[in-house]
Amino acid sequence: MSARYEAEVYREDGWWKLQAPKIKGLLVQTRRIEEILERARIQIAEAISVTNPDDIDVVIVDVQIPGPAGAKPRHLLEEIPRVRTTQRQLEEEAVDVVRDFLAELTDPDGPYRVPVRDLGFLMQFTGARISQLARESKKRKPADKHTPSNVTAGKPLLPEGLEPRRPKTPKAAKRTR
1 MSARYEAEVY REDGWWKLQA PKIKGLLVQT RRIEEILERA RIQIAEAISV
51 TNPDDIDVVI VDVQIPGPAG AKPRHLLEEI PRVRTTQRQL EEEAVDVVRD
101 FLAELTDPDG PYRVPVRDLG FLMQFTGARI SQLARESKKR KPADKHTPSN
151 VTAGKPLLPE GLEPRRPKTP KAAKRTR
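Residue numbers (the UniProt record's numbering): 1 to 177.
Don't read these hints as lab results, they were simulated from the structure. Bear in mind that the values here come from a model prediction, so they are computed numbers and not experimental data. Heads up, a few of these hints could be off.
[As the list claims (entries may be wrong)] Computed cross-link-like contacts, DSS-like style, restricted to lysine-lysine with a CA-CA straight-line distance of at most 25 Å:
(1) Lys17 with Lys72
(2) Lys17 with Lys168
(3) Lys168 with Lys24
(4) Lys72 with Lys168
(5) Lys168 with Lys22
[What the hints assert, rightly or not] Derived CB-CB ranges, DEER-like:
(6) Arg117 with Gly70: 56 to 64 Å
(7) Ile42 with Gly14: 18 to 26 Å
(8) Glu92 with Gly14: 31 to 39 Å
A virtual CB, placed ideally from N, CA and C, is assigned to each residue, including glycine.
Make the full structure from the sequences, and use the hints.
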């Protein structure tokens with residue numbers, strides 16, 4: 001069973017610095033943030049006399065970067081999931097625009113009736129992909145039957161080993177007799 005340590009990372013003078021509150025005096029610093037977890041495991045293992053750093057689980061719960069003079073620092077693990085969620089929503093909306101555009105142009109009962117192969121050439125998609133996107137258009141079928149395609153792959157919002165700090169729950173008040 002591995003020991004779990006929560007850590008906080010901040011940026012200072014061109015360095016990423018990590019502190020684990022459970023281990024007083026521990027300071028890990030690297031130029032690249034991607035190197036900090038492995039370095040932290042090694043230094044924590046040394047600090048607590050564990051021979052195998054793989055037995056140490058380090059989870060970064062906060063990544064701070066300083067703001068401009070007088071501004072609050074930014075907490076990236078809180079901001080990145082919001083930005084990525086917005087990105088995914090906007091990408092899906094953009095795909096909906098393409099779907100509706102293609103459905104309108106390929107509709108056999110519509111005024112345009114552009115061949116899918118020609119649209120494929122113009123849009124740099126295969127004819128099959130043009131047909132698929134046009135079929136998925138909300139204008140072509142009821143919205144409740146709309147099934148999104150794999151146009152936007154679902155990547156995790158944060159890399160492995162990073163998770164935003166969870167709000168602390170208040171401890172129950174002690175009862176007095």
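How the hints compare with the structure:
1. Distance check on the hinted pair: Lys17 and Lys72 sit about 18 Å apart at the alpha-carbon level, within 25 Å; holds.
2. A distance of roughly 24 Å separates the Cα atoms of Lys17 and Lys168; the hinted pair therefore holds under the 25 Å criterion.
3. Between Lys168 and Lys24, the direct Cα distance comes to roughly 21 Å. Compliance with the 25 Å bound is thereby established for this hinted pair.
4. At roughly 21 Å between alpha-carbon atoms, Lys72 and Lys168 fall within 25 Å of each other, so this suggested pair holds.
5. Restraint check for Lys168 and Lys22: satisfied, since their Cα atoms lie roughly 16 Å apart, inside the 25 Å limit.
6. Range check, Arg117 to Gly70: about 59 Å between beta-carbon atoms, so the 56 to 64 Å window is met.
7. Under the hint 18 to 26 Å, the C-beta atoms of Ile42 and Gly14, about 22 Å apart, fit the expected range.
8. The hinted range of 31 to 39 Å is satisfied by Glu92 and Gly14, whose Cβ atoms lie roughly 38 Å apart.
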